[in-house]
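S.K.: Following the hints, complete the assembly by docking chain B onto the known chain A.
In order, the protein sequence lines correspond to chains A and B.
All you need for our numbering is the position in the first sequence, starting with 1, plus 18.
All you need for our numbering is the position in the second sequence, starting with 1, plus 1197.
These aren't lab readings, by the way, just hints derived from the structure by calculation.
Mixed in with the good hints there might be a few duds.
Said to hold, decoys possible - Each computed DMTMM-like pair below joins lysine to aspartate or glutamate, with the alpha-carbon atoms no more than 25 Å apart:
no. : chain 1 : residue 1 : chain 2 : residue 2
1   : A       : Lys-119   : B       : Glu-1283
2   : A       : Lys-88    : B       : Glu-1298
3   : B       : Lys-1262  : B       : Glu-1298
4   : A       : Lys-116   : B       : Asp-1261
5   : A       : Lys-116   : B       : Glu-1293
6   : A       : Lys-119   : B       : Asp-1284
7   : B       : Lys-1262  : A       : Glu-62
8   : A       : Lys-116   : B       : Glu-1283
9   : A       : Lys-21    : B       : Glu-1255
10  : B       : Lys-1204  : A       : Asp-73
11  : A       : Lys-119   : B       : Glu-1251
12  : A       : Lys-34    : A       : Asp-73
13  : A       : Lys-91    : B       : Asp-1261
14  : A       : Lys-21    : B       : Asp-1261
On a predicted model such as this, the values are computed, not experimentally measured, just so you know.
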Amino acid sequence: AQKITQTQPGMFVQEKEAVTLDCTYDTSDPSYGLFWYKQPSSGEMIFLIYQGSYDQQNATEGRYSLNFQKARKSANLVISASQLGDSAMYFCAMREGKDYKLSFGAGTTVTVRA
Amino acid sequence: SAVISQKPSRDICQRGTSLTIQCQVDSQVTMMFWYRQQPGQSLTLIATANQGSEATYESGFVIDKFPISRPNLTFSTLTVSNMSPEDSSIYLCSVERHHQETQYFGPGTRLLVL
Chain A
19 AQKITQTQPG
29 MFVQEKEAVT
39 LDCTYDTSDP
49 SYGLFWYKQP
59 SSGEMIFLIY
69 QGSYDQQNAT
79 EGRYSLNFQK
89 ARKSANLVIS
99 ASQLGDSAMY
109 FCAMREGKDY
119 KLSFGAGTTV
129 TVRA
Chain B
1198 SAVISQKPSR
1208 DICQRGTSLT
1218 IQCQVDSQVT
1228 MMFWYRQQPG
1238 QSLTLIATAN
1248 QGSEATYESG
1258 FVIDKFPISR
1268 PNLTFSTLTV
1278 SNMSPEDSSI
1288 YLCSVERHHQ
1298 ETQYFGPGTR
1308 LLVL
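Chain A on its own, in the form it takes in the complex (with noise of 0.2 Å):
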């Protein structure tokens, strides 16, 4: 079963207004991390934003915010705002309980317009 579903291969947005990317997970370890990448075209995987089963609040940092909700298993990311340079690939991941493995969805591509 996937462990990561991002059901949203490609998404448009006009520059300025805000932009939520769907993640959804499966996994029945109480302990685990999300994880919020971008993949410019360049080809570089950027770190964006992380998010602890065990966390109470939900994480942000600068413009991006991640959306938990636990008992959906969601981890939508918003960005806010958005830039031209905010055009990329963005990936959710999971790691769950002590292993070291990243779990990756398919990815969302986002195309920000002018």
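M.R.: Positioned in the frame of chain A, the structure of chain B alone reads:
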């Protein structure tokens, strides 16, 4: 975070040849990993590079095809052996400074096999 460099950044190779990719970190890290990203796909973990011992390979990846070295805590190499066009991918190394922390990625190596 850590500053991670990879060499080469890209290469075009002939089938049947081998290519060695280097990953250098600016400080000592506990964990180093190698990932493959095939065109249009998500990331797949190839192996964990263990300092001073043989790498730990994921299902579907074998040492004869992807030999890995990690002579110290800041450096690792991945060799793609006897290449075929199916090996055309982005190869990324990632590091964790300490176990269970965020994984940071290098800039990637784009490989095209003709």
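S.K.: For a quick check of understanding: which of the numbered hints are violated here, in increasing order?
M.R.: Going through the list in order, the structure violates hints 3, 4, 8, 10, 12, 13 and 14 and respects the others.
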